[in-house]
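With the hints as extra help, turn the sequences into a complete structure.
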Amino acid sequence: MSARDLPRDPVPGETLLRVDGISLAFGGVKALTDVSFDIRKGEIRAIIGPNGAGKSSMLNCINGFYQPQQGRIAYRGVERRQMRPHDAASQGIARTFQNIALFRGMSTLDNIMTGRLLKMHVPFFWQLWRHGPAMREEVEHRRVVESIIEFLEIEHIRKVPVGRLPYGLQKRVELGRALAMEPELLLLDEPMAGMNLEEKEDMCRFILDVVKQYGTTIALIEHDMGVVMDLSDRVVVLDYGRKIADGSPAEVKSDSRVIDAYLGVGH
Amino acid sequence: MFYREAGQFKTSYQDDMAVFPIRQDRIGVAIILAAACAIPPFLDNFVVGTVLVPFLVFSLAAVGLNLLTGYTGLLSLGTGAFMGVGAYACYKLTTIFPGVNILVWILVSGFFAAAIGVVFGLPSLRIKGFYLAVATLAAQFFLEWCFVRIPWLFNYNISGAIEVPNRSLFGIPVVGPNATPLTRYYAILAIVVALTWIASNIVRGRIGRMWMAVRDMDIAAELMGIRLLRAKLLAFAVSSYFCGVAGAVMMFLWYGGGEAKDAFSINLSFTILFMVIIGGLGSLTGAFFGAALLHLVPIFLKFGLPALGFPIGGATAEHLTHIIIGALIVFFLIVEPHGLARLWATAKQKLRLWPFPY
Amino acid sequence: MLYNVFVDPFVQMADMPDLLVQVLWEGTVAGVLYALIALGFVLIFKASGVFNFAQGIMVVFAALTLVGLHEKGVPALLALAITVGVMYALAWSIERVVLRPLVNQPDIILFMATFGITYLIIGLGEFIFGGRPKAMITDQLFLPRGAIDVHMLGGRVTFQKLDIAAAVIAGLMVLLLAVFFQKTRIGRALRAVADSHKAALSVGISLNQIWVVVWFTAGLVALVTGIMWGARSDVSFGLQIIALKALPVLILGGFTSVPGAIIGGLIIGIGEKMGEFYWGPLVGGGIESWLAYLIALIFLLFRPQGLFGDKIIERI
Numbered sequence: 010m011s012a013r014d015l016p017r018d019p020v021p022g023e024t025l026l027r028v029d030g031i032s033l034a035f036g037g038v039k040a041l042t043d044v045s046f047d048i049r050k051g052e053i054r055a056i057i058g059p060n061g062a063g064k065s066s067m068l069n070c071i072n073g074f075y076q077p078q079q080g081r082i083a084y085r086g087v088e089r090r091q092m093r094p095h096d097a098a099s100q101g102i103a104r105t106f107q108n109i110a111l112f113r114g115m116s117t118l119d120n121i122m123t124g125r126l127l128k129m130h131v132p133f134f135w136q137l138w139r140h141g142p143a144m145r146e147e148v149e150h151r152r153v154v155e156s157i158i159e160f161l162e163i164e165h166i167r168k169v170p171v172g173r174l175p176y177g178l179q180k181r182v183e184l185g186r187a188l189a190m191e192p193e194l195l196l197l198d199e200p201m202a203g204m205n206l207e208e209k210e211d212m213c214r215f216i217l218d219v220v221k222q223y224g225t226t227i228a229l230i231e232h233d234m235g236v237v238m239d240l241s242d243r244v245v246v247l248d249y250g251r252k253i254a255d256g257s258p259a260e261v262k263s264d265s266r267v268i269d270a271y272l273g274v275g276h
Numbered sequence: 365m366f367y368r369e370a371g372q373f374k375t376s377y378q379d380d381m382a383v384f385p386i387r388q389d390r391i392g393v394a395i396i397l398a399a400a401c402a403i404p405p406f407l408d409n410f411v412v413g414t415v416l417v418p419f420l421v422f423s424l425a426a427v428g429l430n431l432l433t434g435y436t437g438l439l440s441l442g443t444g445a446f447m448g449v450g451a452y453a454c455y456k457l458t459t460i461f462p463g464v465n466i467l468v469w470i471l472v473s474g475f476f477a478a479a480i481g482v483v484f485g486l487p488s489l490r491i492k493g494f495y496l497a498v499a500t501l502a503a504q505f506f507l508e509w510c511f512v513r514i515p516w517l518f519n520y521n522i523s524g525a526i527e528v529p530n531r532s533l534f535g536i537p538v539v540g541p542n543a544t545p546l547t548r549y550y551a552i553l554a555i556v557v558a559l560t561w562i563a564s565n566i567v568r569g570r571i572g573r574m575w576m577a578v579r580d581m582d583i584a585a586e587l588m589g590i591r592l593l594r595a596k597l598l599a600f601a602v603s604s605y606f607c608g609v610a611g612a613v614m615m616f617l618w619y620g621g622g623e624a625k626d627a628f629s630i631n632l633s634f635t636i637l638f639m640v641i642i643g644g645l646g647s648l649t650g651a652f653f654g655a656a657l658l659h660l661v662p663i664f665l666k667f668g669l670p671a672l673g674f675p676i677g678g679a680t681a682e683h684l685t686h687i688i689i690g691a692l693i694v695f696f697l698i699v700e701p702h703g704l705a706r707l708w709a710t711a712k713q714k715l716r717l718w719p720f721p722y
Numbered sequence: 004m005l006y007n008v009f010v011d012p013f014v015q016m017a018d019m020p021d022l023l024v025q026v027l028w029e030g031t032v033a034g035v036l037y038a039l040i041a042l043g044f045v046l047i048f049k050a051s052g053v054f055n056f057a058q059g060i061m062v063v064f065a066a067l068t069l070v071g072l073h074e075k076g077v078p079a080l081l082a083l084a085i086t087v088g089v090m091y092a093l094a095w096s097i098e099r100v101v102l103r104p105l106v107n108q109p110d111i112i113l114f115m116a117t118f119g120i121t122y123l124i125i126g127l128g129e130f131i132f133g134g135r136p137k138a139m140i141t142d143q144l145f146l147p148r149g150a151i152d153v154h155m156l157g158g159r160v161t162f163q164k165l166d167i168a169a170a171v172i173a174g175l176m177v178l179l180l181a182v183f184f185q186k187t188r189i190g191r192a193l194r195a196v197a198d199s200h201k202a203a204l205s206v207g208i209s210l211n212q213i214w215v216v217v218w219f220t221a222g223l224v225a226l227v228t229g230i231m232w233g234a235r236s237d238v239s240f241g242l243q244i245i246a247l248k249a250l251p252v253l254i255l256g257g258f259t260s261v262p263g264a265i266i267g268g269l270i271i272g273i274g275e276k277m278g279e280f281y282w283g284p285l286v287g288g289g290i291e292s293w294l295a296y297l298i299a300l301i302f303l304l305f306r307p308q309g310l311f312g313d314k315i316i317e318r319i
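Protein chains in written order, with my numbering: chain W, 10 to 276; chain U, 365 to 722; chain Y, 4 to 319.
FYI, nobody ran anything at the bench for these hints, they're computed from the structure. Bear in mind the structure is a predicted one, so any value in this text is a computation, not a measurement. A portion of the hints provided could be inaccurate.
Quick list of in silico lysine-lysine cross-link-like pairs, DSS-like style, CA-CA up to 25 Å [unchecked claim]:
| hint | chain 1 | residue 1 | chain 2 | residue 2 |
| --- | --- | --- | --- | --- |
| 1 | Y | K49 | U | K492 |
| 2 | U | K712 | W | K168 |
| 3 | W | K168 | U | K714 |
| 4 | W | K168 | W | K50 |
Spelled out as structure tokens, the structure:
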């Protein structure tokens, strides 16, 4: 994979999101314990770790789906206590899911159009007639969505209900839906799980293009170490809900605790 | 052969987003509408009164319930009661302000149903699926009780029934004992066509996508920035509005008065729900198909079979109806869960490619 | 007004404790019958995840078959045996015709399929036995009649023998079911299926067979319910609407808990009888028709998972 060779600005920008001492438990089961890290503007930040390390729970905390019992999350420098998922969405946090969470009964086009919901404001009254402002708004957003469809090369499945699409394409549609929100921070939960090599390469290319074209910051959960090492600027490693390493891909790769976590102690 | 879209190029997104993007569909709908306007005067009053009028009323209610159950995925067993709210609201309005055109009041009475619908939709934030069905059952039985126990609603009539007064439009009696089935039919047709058009506008736009997102995966929808409670309550409101208007229409333009408690019972809720299931969840065309099928089967068994020379008792016809409806529901859920609407779409798709299989 | 709502009913209760006991007893009996219907729901829901809307009509159908057969001249006990056979045939055909083709469909589709079953059974029952209400063959089934008057608390409380029998039989049946679930091989398989369909399949349990067993068991419960209920009023299709009351019971007790169904049934039964008797007159009576749903609804808002359910953790 030669993704790294693509020209890209390495932006060591300011901090976009800071997670501070997050602990999350379900009943007696501790999913996360005292996890802290930050995500800088314009970087690709990978979150890795063995299964059940709490990676998805971490993303769920970031976009408000879970409320951590302890700790603080500051986004764009604003600290928040309680947040509902739709608040996160309106502040520019979008995400994709480990198990695809598309709207299966809707077409590709409609799915991606839902990503524009927050940006559509024409009142209900006009929606009733689908004329005037409502129609203008609809066309305007359709144009944006079509550009995303073109970007992801899924023109041919525009009107197919997503429930009928193969896995790889569904993942791509889901990325498209998140992109339609024009997010500042994009959370990708295993975007390449279950893909073959070719599909993975496509997906890597899309992710890098997203960063380049839209300037989006990305937090990425991924199991494929090759992909993680190639794509990400910095990596945070979780194991049993604790952070065990944080740094550049090269640093993390040589960290003894990371090796222990992945191969078992006493390898 | 004639159903081809070749040569029809769309030059703007607006064309592509039209209700019927294919020319032949537009022609077909125009023909149906023209027929719906032109043919009834030549039909028997009985056919207009017992076949066409109820069909339109049921269709309207089914469109309403489909917005809630088919598009937003919220199961409601309280349709009958919401329709009742519309009927009683209309009755009160036209009693208090007899001078205002009755059609205006029919359309306004939907708003009362919408308000009640929102109240009983409130629990939908915390509960889903079967649980919500119980909440709507509460609405059904509570409202039914109100219809009987609050005499103010039926103007303290001793019979406890709604008595539909005579109301005219441009000098022609539209409502009441003097109105002919034909005028009533045209009044309903106008309402149903207008409201269906509005429904189709809603579901194809921002609101419709929001509802379907909630239906397909509410958690993901919330993460897309949709406020679930708002989306669900809006669905309850709009759906109940349609049902309320359907109820007012049913009482004033079809029944012409009567014991509303029996008319708006839980059985009506079930009938409408079955129409939506058999027609196709999440399809407005399906609502019409479902209404047609479920309304025509009993009529056919009751009047059609004897006419064809198969004598069949009224009671037996009713029993057979139950069996057939039950079998149809099971059949459609197994063979084509998307109902008649999907069968129709598949047929059209085949026709588009005919004579080639792909 | 406030006095009438919050004080007066309790004053009445204290003034006439015998009346209170009577109302409580009536509520208990109604509750037992609700619980029996709810039990049928729980059995099927546990084993197949199907919310069986048709349980109410199965009650009617079972009772109707029994009475109908007896009307045609079949001796009562033989009719009872044949009815058991009919319930088995019903369970078998439902599994074969409806459940098997709908495996892996969303719950809501299966739920709606049971609407279809409901209508099919209504039609069939009417077609075969006619639509008129019938009297239950109480004497022929050796059910007791008459009442026992007990003098207590300065008054007289009447217990119908039939109601006592209903409570006892219901109790026995719950006990039997509990033993069946805990001790027998099929019972263990059932609990396995309830936990996970896939896991149960992988250890060689036949899902189809289990479903037939469960629906048959639910059919038997329906038969007992039908006899008891039919003996108190009569056997008619109107019972089906009353059976909807099992829904609030399930919400209180949780969809998978047998003790929950019983306790939920008692709460609903007693709650609605007390409500009707002491508070109903304030608003003109007849609140029994919706009070149960209202109780369930209010309860849902505070505890969506039911009395005995675990807290739901949503995952994505």
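Results of checking the hints against the structure:
no., hint, result
1, Y:K49 x U:K492, "holds (19 Å)"
2, U:K712 x W:K168, "holds (16 Å)"
3, W:K168 x U:K714, "holds (17 Å)"
4, W:K168 x W:K50, "violated (35 Å)"
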